[in-house]
Structure formats: structure tokens, C-alpha cells
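Asker: Sequence:
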Amino acid sequence: MANFNFRFERVLNYKKTIEDYKKSQYGVAQKKLIAEEDKLNEINQIITNVKDEKNISTEETSVGNLVMYNNYINDLSKKLNLQKQIVENIRKDAEKAKEEMINAVKEKKIFEKLKEQEYKKHIYHLQKNEEKHIDSIISYKTSTQ
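Residue numbers for the sequence shown follow our numbering, so the first one is 49 and each next one is one higher.
No wet-lab data here; the hints were simulated from the structure.
Any given hint might turn out to be false.
Taking lysine-lysine pairs in the DSS-like style, the calculated list, with each CA pair at most 30 Å apart, reads [what the hints assert, rightly or not]:
#1 Lys126 with Lys102
#2 Lys126 with Lys71
#3 Lys146 with Lys70
#4 Lys79 with Lys180
#5 Lys63 with Lys80
#6 Lys132 with Lys144
#7 Lys87 with Lys146
Computed spacing ranges between beta-carbons, pair by pair [said to hold, decoys possible]:
#8 Ile94 with Glu57: 53 to 59 Å
#9 Glu90 with Glu166: 52 to 58 Å
#10 Glu57 with Lys79: 30 to 36 Å
Ideal Cβ placement from N, Cα and C applies to all residues, glycine included.
All chains should be modelled from the sequences, with the hints used to inform the complete structure.
Answerer: Following this line, the structure appears as C-alpha cells:
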């Protein structure tokens, strides 16, 4: 029985390596996105807490302290806007990494399907050769009798 050799085995192995790499890149991008979204939520929470604290202590606070609260809230709002931009950029990067991963998976599957089809052809040819061999044995036996 002849061994099956897929002519694109190296390409398939390369595609598998690329797929694994793209999956890991996507995982890193997702982790980074989650971390930056957590920072965004933290800044939102700080702004909410500072506003609540300012509203509670408005009657007891001097004008200077209120100005300081407002400046702090404005600084936090700037940080919030910057963090939103960072999150959006990282989200785009994560989407790009996801698309690259999906393309790598598709390319690998194409070669896996091709390998499967060639293997089926190989098995078919082996069966045909075996049938020919059996037929020749049978015809030899019938001709010698």
C-alpha cells in the first residue's frame, strides 16, 4: 500500500503556524481592549464620585474649593475623552486582528479541504489498483484451469 503524500503539506503547516500566530495576536488585542475599557470605566466612576461629593458639600464649601472641584472634573473629562479615543483605536486594532485571524483560518481550511480531497483520490486509486490486482489473479486462475 503506497503512502499518501500531500504535495502542499509544507504550505498547510505554514498556514497552521500563521493561524496560531493570528489567534494569539487577537487574544492580546482583546486583553488590551478589556484593560483600556476598564480604565475608561474607572475614570467614569471617579467623575461620578467627584460630582456626587461636590453636590453633597456645595453648601459647606468655599468658592475656591468649588473652582478646584470644577477644574478637577474638567481634567478628568479631558482624560475621559482621551481614554475614549484610546479605546476606539484599540477596538479598531482588535477588529483588524480578528479579521486577519478569520482570513488565516479560512486559508488553512482551504488547504485542509484540498488535502482531504487528495486523500480521497489516493484511497480511490488504491482501491482501483487492488481491484485490478484481484481481477488479474482471478483471470490467471481461470486461464490455468
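Asker: Starting from the hint list further up, note which numbers the structure goes against and sort them upward.
Answerer: Hint check: 2 and 4 fail, others pass.
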